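**Q** Full structure from sequences and hints, please.
Residue numbers (our numbering), protein chains in the order written: chain R, 1 to 431; chain F, 1 to 431; chain X, 1 to 431; chain P, 1 to 431.
If you are wondering where the hints come from, they were derived from the structure by calculation, not from laboratory data. Just so it is clear, the structure is predicted and the values come from calculations on it, not from any experiment. Some clues are possibly wrong.
[Said to hold, decoys possible] Subject to a maximum C-alpha distance of 27 Å in a straight line, what follows is the list of computed DSS-like cross-link-like pairs (lysine-lysine):
#1 LYS61/R - LYS25/R
#2 LYS212/F - LYS305/P
#3 LYS320/F - LYS362/F
#4 LYS236/R - LYS320/P
#5 LYS320/F - LYS212/X
#6 LYS25/F - LYS46/F
#7 LYS320/X - LYS236/F
#8 LYS334/R - LYS50/P
#9 LYS50/P - LYS305/F
#10 LYS195/R - LYS50/R
#11 LYS320/F - LYS320/X
#12 LYS334/P - LYS320/R
#13 LYS94/R - LYS80/R
#14 LYS46/X - LYS195/X
#15 LYS212/R - LYS305/X
#16 LYS236/F - LYS334/F
#17 LYS61/P - LYS50/P
#18 LYS320/R - LYS61/P
#19 LYS350/R - LYS362/R
#20 LYS166/X - LYS11/X
#21 LYS305/R - LYS212/X
#22 LYS25/F - LYS11/F
#23 LYS236/P - LYS320/R
#24 LYS334/F - LYS212/X
#25 LYS94/R - LYS212/R
#26 LYS334/X - LYS320/F
What follows is the residue order along each chain.
There are 4 protein chains.
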Amino acid sequence: MSILDSVDWGKLERDAVALRRDIHKHPEGAWTEFRTSAIIAERLEKLGWKLSVGLDNIDVKSVMGRPDDAVIDSHIERAKAQGGNPAWIDRMGKYTGVVADMDTGRPGPTVALRFDIDCVDVAEASEASHRPAKEGFASVNSCLTHACGHDAHTAIGLCVAEALAKLEPSLKGKVRLIFQPGEEGCRGAYAMVQKGVVDEADYFLALHIGGKVPSGVLGLKSLGYLGTAKFDAEFKGRSAHAAAAPQEGRNALLAAASATIALHGIAPHRDGPTRVNVGVFNAGTGRNVIPDHALIKAETRGETKEIADYVYARAMEILKGAAIMYGTELSVSKMGEGTTADSDDALAEKIGEAVRRLGIFKEVRDTAAGTGSEDATWMMRRVQERGGQAVYMALGSDIAAPHHNGSFDIDESAMINGVKAFAAAVAALLS
Amino acid sequence: MSILDSVDWGKLERDAVALRRDIHKHPEGAWTEFRTSAIIAERLEKLGWKLSVGLDNIDVKSVMGRPDDAVIDSHIERAKAQGGNPAWIDRMGKYTGVVADMDTGRPGPTVALRFDIDCVDVAEASEASHRPAKEGFASVNSCLTHACGHDAHTAIGLCVAEALAKLEPSLKGKVRLIFQPGEEGCRGAYAMVQKGVVDEADYFLALHIGGKVPSGVLGLKSLGYLGTAKFDAEFKGRSAHAAAAPQEGRNALLAAASATIALHGIAPHRDGPTRVNVGVFNAGTGRNVIPDHALIKAETRGETKEIADYVYARAMEILKGAAIMYGTELSVSKMGEGTTADSDDALAEKIGEAVRRLGIFKEVRDTAAGTGSEDATWMMRRVQERGGQAVYMALGSDIAAPHHNGSFDIDESAMINGVKAFAAAVAALLS
Amino acid sequence: MSILDSVDWGKLERDAVALRRDIHKHPEGAWTEFRTSAIIAERLEKLGWKLSVGLDNIDVKSVMGRPDDAVIDSHIERAKAQGGNPAWIDRMGKYTGVVADMDTGRPGPTVALRFDIDCVDVAEASEASHRPAKEGFASVNSCLTHACGHDAHTAIGLCVAEALAKLEPSLKGKVRLIFQPGEEGCRGAYAMVQKGVVDEADYFLALHIGGKVPSGVLGLKSLGYLGTAKFDAEFKGRSAHAAAAPQEGRNALLAAASATIALHGIAPHRDGPTRVNVGVFNAGTGRNVIPDHALIKAETRGETKEIADYVYARAMEILKGAAIMYGTELSVSKMGEGTTADSDDALAEKIGEAVRRLGIFKEVRDTAAGTGSEDATWMMRRVQERGGQAVYMALGSDIAAPHHNGSFDIDESAMINGVKAFAAAVAALLS
Amino acid sequence: MSILDSVDWGKLERDAVALRRDIHKHPEGAWTEFRTSAIIAERLEKLGWKLSVGLDNIDVKSVMGRPDDAVIDSHIERAKAQGGNPAWIDRMGKYTGVVADMDTGRPGPTVALRFDIDCVDVAEASEASHRPAKEGFASVNSCLTHACGHDAHTAIGLCVAEALAKLEPSLKGKVRLIFQPGEEGCRGAYAMVQKGVVDEADYFLALHIGGKVPSGVLGLKSLGYLGTAKFDAEFKGRSAHAAAAPQEGRNALLAAASATIALHGIAPHRDGPTRVNVGVFNAGTGRNVIPDHALIKAETRGETKEIADYVYARAMEILKGAAIMYGTELSVSKMGEGTTADSDDALAEKIGEAVRRLGIFKEVRDTAAGTGSEDATWMMRRVQERGGQAVYMALGSDIAAPHHNGSFDIDESAMINGVKAFAAAVAALLS
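**A** And the structure:
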């Protein structure tokens, strides 16, 4: 008999679904997860976790891609209007996220678990074939959808919190639960790391639901997240009447166009894949006016930190040169950044043992391919640099459509397995 | 003693200012001049002119750059809310502009006068140093301003209508007053010409206020309007996740960027100036998505029809080629077009004589430089092709800021001189 | 005791060095290997192989990247002047390469071995530290060097011919030796394949010396050759005086520049690496003349045939579109092409056994990374499509400098191991 | 009776044709006019002019677009082989051009006349319809032709020298004849001006034969030469194997391509025509190597000095920015430069009077359109800045083909009129 038997898993399975659906219905984008954070705080407080919220966990100088204050304020209003506890929201100081601590008082290592809580900027599908629409928990916030499963991550985290609260008497050491804002666009993790949020962790665990891993399967080490930088580049020139005084203009649109084409031509790298994309380009105001302003939203990626750094450095050269070519001024704002990190074999092995013992997975794979980028890598790197170990798992779930698609939906029954896997891992590490 | 002495010029001078200020306060953009057209119609009906409005004067197939119906409807609502006579507005059939006819019943030639009535898409200055702001007739319509003097043109036209009604017993032949929508962007004249609005004219007269000509001066032949084409080019590609499946995208943004840079590199022409501008560029939706859509708003110009045609033809080659380069689909919509035309010397001489006799101008110049483009050239060309004569004059007025600038303002005292010049010219041609 | 013991390996080891040095000293580029082919023919004839040379083995329509006739003629002259047997050269019909056949008369499979014989277009190092310079066998042909080891391949092939002639009584089936022209730039193999040169082969073997594999090691399956296309694109426009009549020009230089930039921006592929390079760009004749001609020399690559095809198809779209953009005419000449192919595991295993039994390699690896592209892949594909098996091996040799560098040199002692490996493999397959 | 009657014009008319044909047959390009300079020096010495040659008249630091020493040396050899007086050539110090002075000893102003002596880099037509070919005086120097009439200018200058030597007793003041090298590409005048060659001139005269002015006509003021800069831009990057290590390259070809496209997109200028051309582009060595070197030969022009400066400044920004974009190094060499200048009305009037009195021209026009650029403008500007007056005339001549075309030929009978015009002008100014 395992210590895990003391938990009422049936209740948690029902809770996970209810929580996920509530969060799914009220999605909040990066840095605006006020309602979500308030729900987390309220629930964890009741379970006895020691909390710090919002600004307390954020290094403001390191924040990337956060909307301006007016937008933040309007999202705070919405969060309160949609039932977010105003007392908790006011305590957050206009920043989101929650960190919850449990100290058993017994000597032992510290385990940190990380759950990301933000949604994606896409409109949710409204067809009857889309379960959230059919069953009434589709997004009520326009152009926002939990289309990447962070609603499930949050629900899993809340259930893990309840399970661990129950298990506490059997544990030693400390547990920290990190509910991170702004994973999308790799915006939130870095500011938490810079605040020292994972500095005490001996072990760090995180997971992602879905991807290419089907229901019933757990991947112990999710591989291949690309290092990435997200940035906005703004060119400022000088407007002029395009027919009457063309020589007086400094054409920001042309600078941006020239930069864009060159960015897409950054040479590939011998050692692994690279990616560059200028996804958004907006410039100019009138047909007969030489544009004095252009904005491009871009990202660079590389398989390793070295490759990612190479692509980013080349991108900066290109932007700088293009600005000079057209006599314009350039400003680049980093809107997000993800690094690369490898899961530790030793820790993966320990967790693998604990998880296999649960007998709830059809298959526990050693590795599983991740896709795109993931900013938990900042946390993994920091923990590893300080001598700790980290693992990023892939929690299998059949999905109704690709991630970031408006018809995305998960297999809700996978969530409880994730809760159990975390609980078992912590129990293995702290008992 | 002249027949012109029968007119009460003092009243008309006051009327011109009052009318101009009312129109200035309620500016309406191209194809949405419903209130302005209603005011014109109401006033001219009282003066006994025979009217046709809106759709009756427009060849729908030839319309360029008109907003879509939803926008038109909302502007109709605004026009009525701002006092536009609903009966007249409803008669317009969703198109703007007024044509007014006087037939003396006595054999003689037909003179057509053209007045343009639309405003510019810029926000009006609000500083106290800006007279419309100080004296309470600044634009109440956001981002719309009569910053090109068409308010004055309209007021002049209305006063000319009153003067000619008074002079009618002394005249022979016919007079047609054309209040044209959508001169900005060269959008309106062509559709009127194609409807035949100037087909009966033996003489055609138009003028522009301001420019580089100071108060007290009249230029008989305004020269140098560039032939121009305004067009929107849309590239449709295929979106794809920029990191996960870049090979599946067809990048509309890159097609548009490549086209834009090449458009600005169209070779100049031996025979005269050319201009190209891509003034607006919007593409893409998300940083990590290969953009499947890009829109550029562009214009080409040339000093003569031949040069303008050369530039436009090269632009079309470039757009077509760029679309192919990136595997995208192109659609080009012509949003406006102006041609070139020369004033007739013989007619200019006749008018010069009549105007000099008035003794109201410090100086009557033979020629004055026009700037940019002007779609009255379509009317001039048509009249000349059918054996008539045309003149485009420059009515001097000191201006507070360049045309199309939010601080633009005219010297209102210049207007009555414009009214007298038109009246004298018509009297000379029809008596 | 092995049948291989009947060969005088000591003599062959000395022969290999002497042959390699003679060929090294007289390098000949793609499609001009007349002296080299004559030497091969002369020697093989003496050994009793049945020969076909030059045009007999080439499908002329499939030839890529061959110099024009005047260049061919001058190389024929040089070949004769440098000791190439004129009778053999005249029999070649202006095409190079040799195919040699042995038919044991005893029923059995057919084994084809391929050796490439051309050099690289680089100047050889002249420093004393460069052994060919020091020992007097450096290239006497300017800007031509055996800097990719094909001199060694040829020498190995000649020694294999001698060994197999000796072994013939112990063998069954048939052996074909293919001395292929123009591997550099992937120019020669395809035309031989199209002539049917490998159509009868049940087994196909080839190898490359050097690469990343050190002396003493044999890699059984050399992996990762990229599919590639080499092409020249020529843009023809119309020249004009750049100041006096710019509108009359059609700028071929700008078309090529625009194409070049876009080629380098072809989106990467999810499934594996891609490469694009425009390595040479020549356009225009005079500073003040709009260029009517531009030539670019380019190549595309992809890890698999599918990826390579994707990149090439995109490149063709870009070239076509760029030509249209600038009103120019495009002609594309394919100058070379390599495909991809995998070695067959079953054959590799058989050869591995035979080679390991020799006991001459420190290490026999299953796989070894190839680099760049290799047109033996055409032969492998054809053999496999017809039901045969193919293997491409990596023969380890320490190298003095990277391939294609003027200081490249091999470890000559590796050659005899290559000879033995081939002989052992053939013996294993045909006895 | 005029003092001009003392000259034997019949002899000079024959001399002009003979001299022009000799020079035409032996054309020499910019900075290599050694034979031409020697012939000038020999002849003028005999006529009693005081001479300075080559280096004595050149400010070496200001020289633009001169070939390197090896090329100069080979042209010196050719000049001697083609009959150039070796003594004179050796005195030139490897620089070309001749300045000849006459001092009457009587007080009076100084008149400077300028004749340009270089040819164009085009091949001469060989058809029988081309008179120089038919009559045996076509160019014997490959790819060099007097296709711009400087052969005639030189012949005129030599005959003017003889006429003025005859007239000397009737004159006061001083005369300077300037035989300038390197007008093509605007390479020679500036270095002479910087040496002070025109610093003492009160009056400066020059002319061009042909253009758009027919035989029998003289234009007193040739207008509209564009200010121009000729420059070579070299980009240095880093080469790398395009497939094996693309990330290590710094692509000079792409930098040059990007710069080229942007150069052609420099915005036009309100105040007058501009021109930009990249006429030559050479980059790269091998198809599969990232190019580490690119060279473009370009020119910019503008109607006034201000416009020309604007275009050039923008070009330099573009080159600098493009170099940075691709991580390459840029070096720009100015290869030529022409400015703009206006002829003085007062001087033109005086000359007009003198020339009309000759009665040899069907028509003496006030102005005539020049085309392209002309570096005598440097001399005109210097003279005018120091208080003198300058005139640049157009000497009418029917031409067989446009300037710079291999079939260009002049009407030789026009030359003697040019000689007389110069002589009459000098006589009018100095008597």
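**Q** Between LYS61/P and LYS50/P, is the straight-line Cα distance small enough, at 27 Å or below?
**A** holds (26 Å)
**Q** Within 27 Å, alpha carbon to alpha carbon, are LYS61/R and LYS25/R?
**A** violated (32 Å)
**Q** Does LYS320/R lie within 27 Å of LYS334/P when you go C-alpha to C-alpha?
**A** The hint holds at about 25 Å.
**Q** Hinted pair, alpha-carbon criterion (27 Å max): LYS320/X, LYS236/F. Please report holds or violated.
**A** holds (18 Å)
**Q** Taking 27 Å as the top limit, are the C-alpha atoms of LYS25/F and LYS11/F close enough?
**A** Holds: LYS25/F and LYS11/F sit about 21 Å apart, inside 27 Å.
**Q** Run the distance test for LYS94/R versus LYS212/R: straight-line Cα separation, threshold 27 Å.
**A** violated (36 Å)
**Q** Quickly compare the C-alpha distance for LYS236/R and LYS320/P to 27 Å and report which way the hint goes.
**A** holds (18 Å)
**Q** Would you mind confirming whether the straight-line C-alpha gap from LYS94/R to LYS80/R stays at or under 27 Å?
**A** Holds, because 13 Å separates the two Cα atoms, which is no more than 27 Å.
**Q** Is the hinted pair LYS320/R and LYS61/P satisfied, with a Cα-Cα distance of at most 27 Å?
**A** The given pair, whose Cα atoms are some 34 Å apart, is violated under the 27 Å limit.
**Q** Taking only the CA atoms, is the gap from LYS236/P to LYS320/R under or equal to 27 Å?
**A** holds (18 Å)
**Q** Decide if the proposed pair is consistent with the structure: LYS50/P and LYS305/F, CA atoms, cutoff 27 Å inclusive.
**A** violated (58 Å)
**Q** Keeping to a limit of 27 Å between CA atoms, is the pair of LYS212/R and LYS305/X held or broken?
**A** holds (25 Å)
In terms of the numbered hints stated before, the structure departs from hints 1, 3, 5, 8, 9, 18, 24 and 25, listed from lowest to highest.
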